[in-house]
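Engineer: Sequence:
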Amino acid sequence: MSKADLVALAAELERYLGDPYDAESRMSFARVLRGDEREEYPHSFVNQLRRFGVHEYSLPAEQGGRAGNVETGFNLMRIVARRDPTTATALVITNLAFMPVWIAGTDEQKQRLIADFKHGGGLSWGLSERDHGSDLLANETVAEKVDGGYLLTGEKWLIGNATVADKMAVFARTGKRGGPAAHSIFILDKTTAAPDTIEELPGEPLHGLRALDLSGVRLKGAFVPDEWLIGGEGQGLEIALKASQAMRAVISSLALSAVDTTLRVNLDFTENRVLFGGAVSDVPYTRRQLTEAFADLMVADAVSIGASRGLQAAPDQVSVVSSVAKYLLPTLLEKSMAELNTVLGARMFLRGQGHYSMHQKMLRDLLVTNFADGNTVVNLRNLGHQLGGLLNTITSAGPETDARAAERVEVLFGIDRELPVYEPWKQELFSRGLDDVVQAAPDGLLRLRALAAAAKGTERDRLRLAADVAEEILDRVWPLADRAAAYKTSMGRAYAQSPELFDMAKEYCLLHAAAACVHTYVHSHEVLEDPLPSGALLLLQLERLRRQLWPHELITDQSVVDEVMQVLRHLHRENRLFSHWQFPLAERADDL
Numbered sequence: 001m002s003k004a005d006l007v008a009l010a011a012e013l014e015r016y017l018g019d020p021y022d023a024e025s026r027m028s029f030a031r032v033l034r035g036d037e038r039e040e041y042p043h044s045f046v047n048q049l050r051r052f053g054v055h056e057y058s059l060p061a062e063q064g065g066r067a068g069n070v071e072t073g074f075n076l077m078r079i080v081a082r083r084d085p086t087t088a089t090a091l092v093i094t095n096l097a098f099m100p101v102w103i104a105g106t107d108e109q110k111q112r113l114i115a116d117f118k119h120g121g122g123l124s125w126g127l128s129e130r131d132h133g134s135d136l137l138a139n140e141t142v143a144e145k146v147d148g149g150y151l152l153t154g155e156k157w158l159i160g161n162a163t164v165a166d167k168m169a170v171f172a173r174t175g176k177r178g179g180p181a182a183h184s185i186f187i188l189d190k191t192t193a194a195p196d197t198i199e200e201l202p203g204e205p206l207h208g209l210r211a212l213d214l215s216g217v218r219l220k221g222a223f224v225p226d227e228w229l230i231g232g233e234g235q236g237l238e239i240a241l242k243a244s245q246a247m248r249a250v251i252s253s254l255a256l257s258a259v260d261t262t263l264r265v266n267l268d269f270t271e272n273r274v275l276f277g278g279a280v281s282d283v284p285y286t287r288r289q290l291t292e293a294f295a296d297l298m299v300a301d302a303v304s305i306g307a308s309r310g311l312q313a314a315p316d317q318v319s320v321v322s323s324v325a326k327y328l329l330p331t332l333l334e335k336s337m338a339e340l341n342t343v344l345g346a347r348m349f350l351r352g353q354g355h356y357s358m359h360q361k362m363l364r365d366l367l368v369t370n371f372a373d374g375n376t377v378v379n380l381r382n383l384g385h386q387l388g389g390l391l392n393t394i395t396s397a398g399p400e401t402d403a404r405a406a407e408r409v410e411v412l413f414g415i416d417r418e419l420p421v422y423e424p425w426k427q428e429l430f431s432r433g434l435d436d437v438v439q440a441a442p443d444g445l446l447r448l449r450a451l452a453a454a455a456k457g458t459e460r461d462r463l464r465l466a467a468d469v470a471e472e473i474l475d476r477v478w479p480l481a482d483r484a485a486a487y488k489t490s491m492g493r494a495y496a497q498s499p500e501l502f503d504m505a506k507e508y509c510l511l512h513a514a515a516a517c518v519h520t521y522v523h524s525h526e527v528l529e530d531p532l533p534s535g536a537l538l539l540l541q542l543e544r545l546r547r548q549l550w551p552h553e554l555i556t557d558q559s560v561v562d563e564v565m566q567v568l569r570h571l572h573r574e575n576r577l578f579s580h581w582q583f584p585l586a587e588r589a590d591d592l
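Using the UniProt record's numbering, the first residue of the sequence shown is number 1, and each one after it goes up by one.
These aren't lab readings, by the way, just hints derived from the structure by calculation.
Just so you know, nobody snuck in bad clues.
Okay, derived cross-link-like pairs now, DSSO-like style, lysine-lysine, Cα gap no bigger than 30 Å in a straight line:
#1 K426 x K3
#2 K335 x K506
#3 K110 x K190
#4 K190 x K145
#5 K145 x K110
#6 K118 x K426
#7 K456 x K3
#8 K3 x K110
#9 K426 x K506
#10 K506 x K488
#11 K190 x K118
#12 K110 x K426
#13 K3 x K118
#14 K176 x K190
#15 K145 x K176
#16 K110 x K220
#17 K220 x K176
#18 K190 x K220
#19 K220 x K145
Distance windows between CB atoms, simulated:
#20 E62 x H207: 33 to 43 Å
#21 D316 x F349: 45 to 55 Å
#22 E233 x W550: 46 to 56 Å
Note that the Cβ used here is the ideal one computed from N, Cα and C, for glycine as well.
Model the full assembly from the supplied sequences, consistent with the hints where possible.
Structural biologist: This is the structure we're talking about:
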């Protein structure tokens, strides 16, 4: 799908859902908050989105869906989640649960499930268990081979849509011995199973996503025919891990949307609230808080562009980019939300304040992105296991290797570039030391300095300083490689689980994010619409990353903040998504 087609589709969905500030629109904030307070599953919203066909854009076109790429479904979820992350989650669970089938299923399995989804069927992902969490190899649910199929016995818990979905993809043990080849994946049809073989567990009361069905099932010899084994026996772990890579990239859309909405709510307040004779947004400290939250969001947006497009353009590196996104976006944006709490003041604490009540819901809902489909520890461990290879490749790469990385990065971060069709079975569990995003950073810096040389006035100064700051951050790859080598030598086997390794993985995420910001600017600047691109915004994005290394050193002054505020105000007043995509949003009818 071309950039123009995606923008048009997003705008069409926005018009269909209507102005969220209008209580009578299809998916208004008032209706969302009512359902959240009552903890009512959002059946009506999900049904409306199904009628539009949103879920079909995350299902393969070859077997009846509409998807040729992940980016389309990712961005449509942002449109939904800016109104309600609960509804977005409830809708997308079927698509995420379908990922094992997309990766390893037969054409017939895909066609039958997609036809079922298009007629209202749902699928949940029975992966985790109460006593084992992220330790998949310890899962106890078993699949006993019998004539014509398998009998599933065990319990799956904390499963989205476990009760409301009529089918479940189940991760179960088929091997008598433990290990990576001991598990398989099955599609269980709850509507045809014997009544005494399935017990649905009570839904869990939740802090965020209150209206979501998060429950589980207890299986007692539930029968699955041979035809619904996905892939082969013993392939379950590899399939599940590949599916999780896609999920990690997609789930970040919830964090982006939550901050987009709450930043918009804060702007509605600060632009219209008069304090000490002027608008709150004109108070210098408040203005910096707003623009820094915006810069954080745009950092996250740049990282998500590389992660979502990387599923197609660089499937061999998804193990890195998806884990970077899944760790960095929630942790970065939670801090942004905390800053916006202080901007909104007492109103952030009140649940009955109408227009401003969405802030506290988004604050709660954002938290799910920190643990769903792999928590912070899981993703840092995944990066830590690959860190040595990544650092070795980056510090020893020659010109030819760097040139190949630079060529691939043009597709990753050029949002108008055509992507290859998504083929998830090509994803690799380990990147073999490759991360084009960081490896192509020197090329990105050269391009940025060339753009600075061609710019005029303050824009030239902003871009030059942005290039300097980016280079300062990215140059930390050399001492980081030295530290990693020294720790590995001194710690021996303890190095793999050491706090030092986790801290270095966090620092690597900052390098990756800085490179993503530069690449997004240099490869997409020509197709962005006014007021983007902005050298001041890029500079503030990079300063925000730099301050995680040097917390008390500012690079930008008030003039930079004022320029970024102009960009933010422009997007807010023109009613466009706070993103490099700048999707037009539904026309607002309120006077705030």
